[in-house]
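Each chain, letter by letter, is given below.
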Amino acid sequence: MEQLIQQVASGLANGAIYACLALALVMIFVSTDHINFAQGELAMFSAFLCWQFMDWGLTFWLALPVVAFISFLVGVSVERVILRPLHNAPVLSIVVVFIGLLAIFHSMAGSIWGHTIKQFPSPFPNVHFAGSGYIGPHQIGMVVVTLLLLLALFAFFRYTPIGLAMRAAAQNPVSARLVGIRVDMMLALGWGLAAAVGAVAGALVAPVVFLEPNMMASILLYGFAGALVGGISSPGGAVAGGFIVGILENLVAYFGNLLEKSTGIYVVGNGEKLMVALIIVITVLTLKPSGLFGHVTVKRV
Amino acid sequence: MALLEVQGLKAFYGQTQALHDVSFSLEEGGITTLLGANGAGKTTTLRAICAMVRTQGSIRFDGKPIERWSTEDIVRLGVGHVPEGRGTFVNLSVDENLRAAAYTRRDHQAAARDLDMVLTYFPILRQRIKQQAGTLSGGEQQMLAISRALMLRPRLMLLDEPSFGLAPLIVQEIFRIMRRINEEAKVSMLLVEQNAALALDLADHAYVLETGSVVMSGAASVVKSDEAIRKSYLGY
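So the sequence lines, in the order shown, correspond to chains U and R.
Quick note on numbering: the first sequence equals residues 1 to 301 in the working numbering.
Quick note on numbering: the second sequence equals residues 1 to 236 in the working numbering.
Source of the hints: derived by calculation from the structure; they are not laboratory data.
Backbone N, C-alpha and C fix where the C-beta goes; we use that ideal spot for every residue, glycine too.
You can take every hint at face value.
Chain U regions said to be covered by chain R (calculated; three or more residues, Cβ under 8 Å):
1. 164-171
2. 175-184
A short list of chain U residues far from chain R (calculated; beta carbon distances all over 10 Å):
3. SER77
4. ARG84
5. GLY141
6. LEU258
Starting from the given sequences, assemble the full structure and let the hints guide the process.
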């Protein structure tokens with residue numbers, strides 16, 4: 001039982017990171033219909049930046065907002081400089097551009113900071129507390145920071161005029177232009193915000209997976225799984241999906257181990273976590289293509 | 001000086017030319033209607049004014065040449081476009097639809113008064129204020145579209161078939177309110193309509209389009225009483 005709680009708690013912590021990435025993916029998807037395959041590498045790059053700032057002597061809590069802001073600017077520039085000219089390009093060209101971006105950020109990080117694994121210290125104090133046997137301080141910190149970030153984003157989109165304008169622009173660009181909203185600017189802003197959210201995710205997960213250019217590869221897959229499970233068109237769904245995937249992957253491994261212990265038959269274990277995530281994606285897409293919380297878009301033809 | 005002056009306007013969808021030679025002008029404070037059959041170029045003319053299609057020719061709003069401007073800038077100048085199909089932000093609430101329309105305004109108090117004004121014109125929207133706009137009926141969505149344009153505090157409203165798909169009683173109500181808006185809020189209007197009889201009742205001036213060109217124009221009362229025009233162009 002204790003182990004089960006432990007697994008759920010750590011699943012929750014991982015889920016927080018998946019939720020961040022899923023949200024970043026969804027933010028770009030709802031306004032442009034594109035899946036940004038480079039989202040993970042952008043986050044990895046941001047984590048390296050954060051490490052660099054800390055290496056120069058900044059504390060984590062000072063470095064994080066700086067890095068989030070730089071990532072925001074990077075996101076905005078990627079949209080304005082690289083994607084804007086491809087406005088009417090076919091989907092395949094855009095996919096190729098995303099893969100290109102992925103490779104560029106990946107090798108840039110490699111050539112600047114090297115491919116050897118770096119330690120990324122946890123910004124949270126290593127204290128013992130009631131229940132610390134179940135969940136570590138960094139994991140709790142991850143969940144808390146993520147929830148705060150999500151809350152801030154929710155408030156931004158829900159209660160500020162510019163958040164409303166971004167939602168309007170994502171939903172109906174033509175009508176948004178007709179009320180004077182600069183849709184292009186809103187798209188760039190959405191990219192920037194997604195990159196900033198990714199940066200926070202990267203910096204939070206770096207102490208767990210260690211810092212190296214490949215660190216986000218599998219995490220992006222989980223984030224993608226979370227986004228699809230929750231519904232790629234629904235930001236709230238993506239967040240929920242991220243947490244669901246995080247918990248589910250741990251539970252599957254836990255029950256797999258349990259089964260092995262009691263019967264001696266090995267079905268699934270820690271090694272198959274990623275496979276489980278992909279099976280979840282395929283199952284959801286087959287049974288409920290719009291995701292658990294997504295809404296079905298009906299197009300009149 | 002005319003509020004809107006269009007000279008030799010051509011418009012293109014890709015390679016296809018939809019407007020060949022459209023010229024007209026619209027006086028401040030008036031209601032002008034563009035009539036014509038399906039495919040005559042009425043909607044395209046409205047889109048061309050707002051830079052939503054590729055155009056050639058001259059468009060002057062309040063004396064300023066705006067043919068190279070972007071849609072957003074033209075709108076910010078005071079052109080409220082009520083688009084074909086209403087363009088509702090379906091996943092936003094009625095309130096959010098109206099507030100999104102006031103996004104460009106810096107005079108927040110006046111915008112709040114205008115919100116109250118449009119809800120006085122369309123009381124049903126006040127009842128639906130928290131409701132998702134996509135759940136409104138067609139007539140209510142049309143009212144919302146007009147209200148959205150009004151929230152820009154426009155000098156000119158472009159209305160693209162506000163009667164489309166609505167029950168006659170609702171249409172009458174909407175047209176009655178449009179007249180009030182024109183008189184009380186001093187908003188000039190350019191109205192595109194399939195329903196010529198309805199449009200000619202409201203408008204003071206009319207232009208008839210055929211295959212992308214203006215074929216005739218005149219005072220609404222004259223066009224209305226001219227049986228030859230009615231039979232050959234307006235089909236009633």
